[in-house]
Structures are given as structure tokens and as C-alpha cells.
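Colleague: Next come the chains, spelled out residue by residue.
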Amino acid sequence: MRAKLLGYLLFPLLLPAFAAHAEVFEQTLRNGLKVIVKEDHRAPVVVQQVWYRAGSMDERTGSTGIAHALEHMMFKGTRSVPKGEFSKRIAAAGGRENAFTSSDYTAYFQQLHKSKLPLAMKLESDRMRNLLLSEVEFGKEIKVVMEERRTRTDDQPHALLNEKLMAAAYQEHPYQHPVIGWMNDLQALGASDAKAWYQRWYTPNNATLVVAGDVKAAEVFALARRYYGVIPARKMAARRNFGEPPQLGAKRIVVKAPAQLPHLVMAYHAPALRDPAQDWQPYALEVLAGVLDGNDSARLNKTLVREQQIASSAGAGYDSTSRGPGMFVLEGTPSEGKSVGELEAGFREQVARLVNEGVSEEELKRVKAQVTASEVYKRDSLFYQAMQIGQMESIGLSHKNIPLILQKIREVSAQQVQEVAREFLKDDNLTVAVLDPQPLSGKPKRKMEGAAHAH
Amino acid sequence: MRTKMLVVVALLLSGINSVLATPQIQHWQAPSGARVFFVENRNLPMLDVAVDFAAGSSFDPAEKSGLAGMTQGLLDLGAEGMSEDDIARGMADIGAQLGGRIDSDRSGISLRTLSSAAERDQALDILARVLQRPLFPEAVLAREKTRLIAGLKEAETRPESIAAKAFGKAVFGDHPYGVSPSVASAEKIRRDDVEAFYRTHYSADAAVVSIMGDVTRAEAEAIAQKLTGQLPQGGKAARIPPVAMQINTSEQRIAHPATQSHILIGAPGMARNDPDYFPLYVGNYILGGGGFVSRLMNEVREKRGMAYSVYSYFVPTLEPGMFQVGLQTRKEQADEALQLVRATLRGFIAKGPTAKELLAAKQNIIGGFPLRIDSNKKILEYLGVIGFYGLPLTYLDDFTGKVDKVTAAQIHDAFKRRVNPDAMATVIVGAPEEKAEPAK
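As they're listed, the protein sequences go chains A and B. Each step along the first sequence adds one to the number in the working numbering, with nothing skipped, and position 217 is 217. Add 1000 to a position in the second sequence, counting from 1, and you land on the number used in the working numbering.
Isolated chain A (complex conformation):
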């Protein structure tokens, strides 16, 4: 997950944790590191994830992308584990590993046979405080990041559209900046920026360790004390929290990029979950997204794609779990012969229906049935269960809220869904982004060579 936007596309509905929640154990070490263990004995494997509460929203203008660049640098060696060795040792242990950065957090993970957990802890705790950050390695790795930006954003019309949408929708909040960073900033970043970032955020009292798998909680806590417990806490500088001033009228942007089909995104500012016991709007918005796009028979697919055939695809997304403000998004591609304007009118008609007529009990029941089933399916993925715990902790909620959130989603009423549609899906809250497809410059020119070529 590298962007806020990717976040909600990947997790359209919050799918919280449950029946098995009794098997989750928690302990906070003296240095402030919170350790959470989910026991799951189905297979002799384990996943370790370390989550730092630092993401691109903690960056400053001019040095965007540093959270993600540091994530890359975390594989470049420490005093005792030279560059490349981290990955080699995990691989030699039969492990898989990677990391991801979002707007809200940065996380590192390894999946291995359960007997290899001490190795993973040894390596992960080592780079929590002993990272080497040389100018030479940074210079090489930032080029990799620039290639990543080209691959994922610059040459992807929809990603480009989303990037520019966020930049337009947010006036003050740092969600306006892409997680991967602006290219100009990447060109300006240096090892000293990485050092400052590492010093500021990579400390046990700003992290959560999640271990899930065929382990015993008491043993994991003992290991965590041994490997992570020795790292001293560091005083954290105060975190600046940005808000977003109210939007006072619709915004529109057009993005031109080489493509065949236009694309439309309509993004409405919406609240995110802050108080799981008292809030109700975020739950209603989750259900609303489910009514629109939670399954093949949901409204957008049924009406816009199948019946009216205005769209060749249409979807909705909302993620209640974020450190920053929320956003409710409708997006789609018009069918051949239909314009972006016609699709926008189609979306607006759907919004009007929600506001005027609400949703049926049957639709509500269907969405909730899926939430319930997903709770069971989720238990087939150790990684996802750990991910959900880490994510909740990293955005300032507790993994213990997960069952409550599930219950609250089940309690959402049709009237509440209608109310949030009325309150948030309105023009003053809206940013519309349109991809205006451009021809590839001229026809592709091809050259075939039959003979061998020089190397």
C-alpha cells in the first residue's frame, strides 16, 4: 500500500476481527514498544510486522517522499549486518520479506517458519537503531525510487489522475502529497534527510510489533524483550497535526495523459473514525460504500454498468480507518459512445436516489452478511490478520476496537445511511477529476530486425 488512494481501493470495506480475538495478547515494553501477538496454530509459520507511526503525512513540503525513501534504505545495512545481508539472511531462512509505506505509517514484515522468528527479530531490531545511511547508497536507491515513481505513477494515467485529484482536493492537509513523493523533491533529497527522518521517527516508543502465527504469546514477549527491549526510547518531538479547512464549493480538474478511454473520479470529503464507541457516521459511510459497490449486485454495477450501460466500470470507495481526514469516492469509465458528462450525471442520479429514497433493508442485510462472512474468510490469511492489527494501532485506535467496530457496522440503520449520503455527498464537498485521453504521438513505429544484434 503506497498511497492513501491505494489504501481504500484495496480495503473497500473495513473487515474487522473477531471470534478468535481472545487469542490476541498485548504487552508494552519499558521502552514503549507495544507488542501484540495473535496466536494461530493452523500452520507452523509466523509473520513479524513492525509498524512505525510515520508516513508521508508527517513529511514537509519540499521533502515529500522521504518516508518511502527511508523504507528503501532500511535494506541497505547496519554496522553488523552489511548491505544486502538482511535480505540474504531472511531468504536463507526460507523467508519472504518486504515493506510498505502509506500516508499514515511505514511497516516492515517477514514471513517464515516459526523456528526462524528469533532471526527475524534480531535483524529487525538491529535496523531499528543501527541503520547506516551513506550518501553513496542513498544516491543509488533514490534512483530506484524514481524508477518506481515512473512505473507506478508517471506512466499510469489513472494513478496520475488520482495523484492530481488529491493535490486538488486537499488545500492544507498533507494528504495532498503523494506517498512516493513529487519528482522534484526526490531529486533534491539526500542522505541527511533520510538520517533526520530515521532519527525522528524510528524509535521503539513510536512503533508497534505484531507477531501472528504458530507461537506462544509468552515466548514472543520474552523474545521481544531480549531483542527490542534493549533499544532505548527516544523523546519524540511533538507531532504537528494538520486539519483541512472546509471546502466552500466544488472543484474540477482535468488531467491529460496518453490513453484511449476517459475516466472520472468524484471525491467527497468525509469524516474518519476517531471514537469507535461514539462515532456513527464512519460506519454508515462504510455501509453506504457496500450498498453502492460491495458486490456484483450492488447499485453502481447493476444500474450504471448493466442496466443503463453508461459505464464500462463503476465503483465506490471509503476507508474509515485513517489518521487524517476521510474521503468518499465514486469513480468510473464511461462506455464507448458515452461521455464523462453522462457518467457524472449517472453518478449524481445515484446520489440523489440515496438522498431522497435511502436504501432498502434488503440491501443493508446483504452488506452486513458480507461483513460477517468476511470475518471468517479473513482467518485464512495470517498476514491480513496481522496487518489489520498493525493498521489499527498505527492510526491511533486499538486492535481491541476491532470487534466493536464490527458490531457497530452491524447496527447501522437505513436512516443513518441516508443521513450520511445527504450530509457528505454534496457539491460543496466535491472534487471532480477527469482524465482527458490523449493520442500516443503518432502511430507506433516498428522496426524488426531478423539478424543477431551486437551486445
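Treat the hints as calculated values from the structure; they're not laboratory data. Incorrect hints may appear among the rest.
Said to hold, decoys possible - Once the Cα atoms are required to be at most 25 Å apart in a straight line, the calculated DMTMM-like pairs of lysine to aspartate or glutamate come out as:
| # | chain 1 | residue 1 | chain 2 | residue 2 |
| --- | --- | --- | --- | --- |
| 1 | B | Lys1377 | A | Glu307 |
| 2 | B | Lys1236 | A | Glu307 |
| 3 | B | Lys1377 | A | Glu23 |
| 4 | B | Lys1303 | B | Glu1332 |
| 5 | A | Lys365 | A | Glu307 |
As the list claims (entries may be wrong) - Some chain B residues judged to face chain A by a derived CB distance under 8 Å, without partners named:
| # | residue |
| --- | --- |
| 6 | Glu1080 |
| 7 | Met1082 |
| 8 | Ala1088 |
| 9 | Ala1092 |
| 10 | Pro1159 |
| 11 | Ser1161 |
| 12 | His1256 |
| 13 | Gln1328 |
| 14 | Glu1332 |
Backbone N, C-alpha and C fix where the C-beta goes; we use that ideal spot for every residue, glycine too.
Since the structure of chain A is provided, determine the placement of chain B on it from the hints.
Modeller: Same frame as chain A, but now just chain B:
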């Protein structure tokens, strides 16, 4: 993320091993003739089922490329007594998930449902109808064709799609493995074609049923029969023709306004039942399959920062699928990167792996075996592969032993015989501008 994960390929290539308990696979033939592969697991109250057929895209008639995909896609968009919306609602009401999957060999449908009787029975009733009584409504076909064509037109503007299409053609020529749907071929698909394709390819004796989860053997037997007992009789399905293994060297440079060049290099590789499967699989891990520790990753990314993603893989299919090396890099350095990748490939083929590399590869593949079978979903995938490709039921038990037996000499020998760096196709989309002009 630091790297792109090639999930599909990883699944096809993955094997498994046996220091730990491997799943007990039960196998039988249903009265319908379908072959069934079942693992009982009561840990979670859920059930996964998949039914696969030899009905992948390589069974498309050349002039109607896209027919296999269309047939598969229409299965759940209308069945006896149920509209597409009835089907979708019927599944959503009980939280069941229907999925389709298609590759060059296989086409199938998968279902995930709660195993409690009410949910399970409703989900299986719908699946049984979708598989055995699809209607392929004319109006739905027309709509889906329009959507397919829109998607194809969009793909024609995307550098990665342009590259994949040109590369398939360069590696396989007119062989179905190299043919991709076009606007023209999609336009030719008619309802009769879909119906005929279904009748020919979706027969019980060609079906592989995989069942994983919370049911008894007796229940699994009933499920398999229920899902296949009324499939069509089947017709004479054409076999996938043999692949011409030796190709001429070619290099295509295709202009594109993207900031990066997409580079693909390769040739026909190996089949799923290939005698060289294990040496090539382990060797490829070392060359470009092993995440951050492969040679290609080390040369291109770690040492020089020239790409975010660089990889190599074999696609092991019924007939030999492709061997592909790929990367994306800033246009200005595309030629330098291309030469580096070719040199790395040549070096590996000429000398084979070092003892140290082989040891590291085995440690990872064997040590990581438990991760390959740690969920119902992963085991279901293996059941499908074992069933469809006729691998031994002990495939998972034997896997680590086979990996362990591979020697550096075998890898060297297999790559030398099977991967010829002087007979490879290269495609560069978004080539450096001056080089993309016609030669003359």
C-alpha cells in the same frame, strides 16, 4: 512496496515440501467422470471449491481470439431460472464469493462460502446452475463484448500491454500461446460460438474439481457430482499444438510517449511436466526469480539503481510456455540496461550457478516450503494444478526432496540446452526515440 510480486507465476512455479505435515489429498473420479481432489480441513467454518476445464485462451479459434475468456466470463451472467442479478444477489445475500479464472490452458470458476448448511447449500446450488445451465443471454453478450473491446482499445495504449502482445507474437508466432485478442477478433464473437465453445470444452470428463475445507468426504463426493453431473457431453477438443522451440532472434522497438522503456526478452521455455522442471525452476530462482537476492536484481537494481522491478520467470504450461526476462527503466538508459540484462543472462547460461548460490536457493525454497501451504486458498490452488496437469498426488510430499537433489551441473546443463541467448525475442516499448524510427 519494494517490489512487485508476480503472484500468478509464483503459484504456477511453486512447489512444496515435506519436513512438515503436508495436506492429505484425497482423489477420486465422480460418477460424472470429473476428477476430484479434496482436502478436508475443519479449522475454519468455510469451504473453497474450484472447477477447472481445459478451456483456456489457447483453445480460441485464431480469428475469434477472446472467445474462451468471453465464455468463462458469461457463465455467471445468466443461468436457468436466474438472471445475472439473481445470481449476484443470491451469492451476496449469504456472503459467498464467486470468482473466475482463466489462463492460456485453464478456465474455471471458484467459490468461497461459509460451510454452515444454509449458506453452503445455496452457494452450491447457484454454482451448479452457473456451471451446468448457463444461458449466455444475447443482450449480456452484446454488452460484455462492448466492454471487452473498450478494454482492448485501452490496452493498445498501455506500454506494458503493447509489450506483452508484441512479445507473445515474437516468441510463439501464430501458436495460440502467442495470440492475444484484438478488437477485430472480439467483434466476431457470436452467441453460437460461445455456446459451441462451452459444449465442447466444459465437459465432465475434462473437469477438475478441487474442494478444500469444512466438509466430510461423503459431502465432498456429493458436491463434486452435483457440480458436474449435468455438464455437456463434450466434443472433440483440439489439443494445443506443439510449440516451435527454436526461434529466430528478433528485436522490436516500438515508440511510446511513456517515461520508461518496457523491455522484454525471452523464448519458449518449459512445460509443466518438463523433465528439466526442477533444475530450471531452481536455476531461475538464482537468475531472476528470487526477489531481492537474484542476480538480475543485484546487477540492475542493487548495484546500479537502474530499475524498480527486474525479474525472470518460466510459465510452465501444457506445452512449453514462455521464459521471460523483464524490466522497466528510464528511456535514456534503456540500451545500457538491455545490455546489462543480456550480459547477466549470458553469464548465467555460460557458467551456471555457483555452489554458494545454489545452497542459498535451496535454503530459501526448502525452508520456505511451509509458507506455500499455510492457507486454504493456497492449498486449493495446488489441488487445481496437481489435478489439471496430472502431477502425482505426492507432489507436495516430494517437492523439497526434488529441489534438494538438483545440482549446479544440472542447472548449468538445463539452461544451456533450453535457453539460447542467441535465439531470443526482444521487445522494447517506449524505446529511446531516435532508435525507434524505421531502419531505412
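Colleague: State for each hint whether it applies.
Modeller: The hints, checked one at a time:
no.: 1; hint: B:Lys1377 to A:Glu307; verdict: 34 Å, violated
no.: 2; hint: B:Lys1236 to A:Glu307; verdict: 37 Å, violated
no.: 3; hint: B:Lys1377 to A:Glu23; verdict: 22 Å, holds
no.: 4; hint: B:Lys1303 to B:Glu1332; verdict: 18 Å, holds
no.: 5; hint: A:Lys365 to A:Glu307; verdict: 23 Å, holds
no.: 6; hint: Glu1080; verdict: 18 Å, violated
no.: 7; hint: Met1082; verdict: 12 Å, violated
no.: 8; hint: Ala1088; verdict: 4 Å, holds
no.: 9; hint: Ala1092; verdict: 4 Å, holds
no.: 10; hint: Pro1159; verdict: 6 Å, holds
no.: 11; hint: Ser1161; verdict: 11 Å, violated
no.: 12; hint: His1256; verdict: 6 Å, holds
no.: 13; hint: Gln1328; verdict: 5 Å, holds
no.: 14; hint: Glu1332; verdict: 12 Å, violated
Hint violations for this structure: numbers 1, 2, 6, 7, 11, 14, all remaining hints satisfied.
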